[in-house]
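*Asks:* Sequence:
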Amino acid sequence: MRKYIIFKAQSMSAEGWENRMLAHTGATTDILCEYYDSSDEPLPQP
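For the sequence shown, our numbering assigns the number 1 to the initial residue and increments by one for each residue that follows.
No lab work stands behind these hints, which were simulated from the structure alone.
In this text the structure is predicted, and so the values were computed from the model without any measurement.
Quick list of in silico lysine to aspartate or glutamate cross-link-like pairs, DMTMM-like style, CA-CA up to 25 Å:
#, residue 1, residue 2
1, Lys8, Asp30
2, Lys3, Asp40
3, Lys3, Asp30
4, Lys3, Glu34
5, Lys8, Glu41
6, Lys3, Glu41
7, Lys8, Asp37
8, Lys3, Asp37
9, Lys8, Asp40
10, Lys8, Glu34
11, Lys8, Glu18
Make the full structure from the sequences, and use the hints.
*Replies:* What follows is the structure, given as structure tokens:
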């Protein structure tokens with residue numbers, strides 16, 4: 001089973017917000033990491 005997993009910050013002002021700026025707009029995002037998983041493992045727990 002394929003899964004697209006997105007890890008997000010709880011708040012836009014959470015630690016490291018300076019590193020989450022989008023290069024083309026300069027806007028910040030709450031997305032920490034995107035991960036594609038094709039294994040048959042269960043979804044990770046938060």
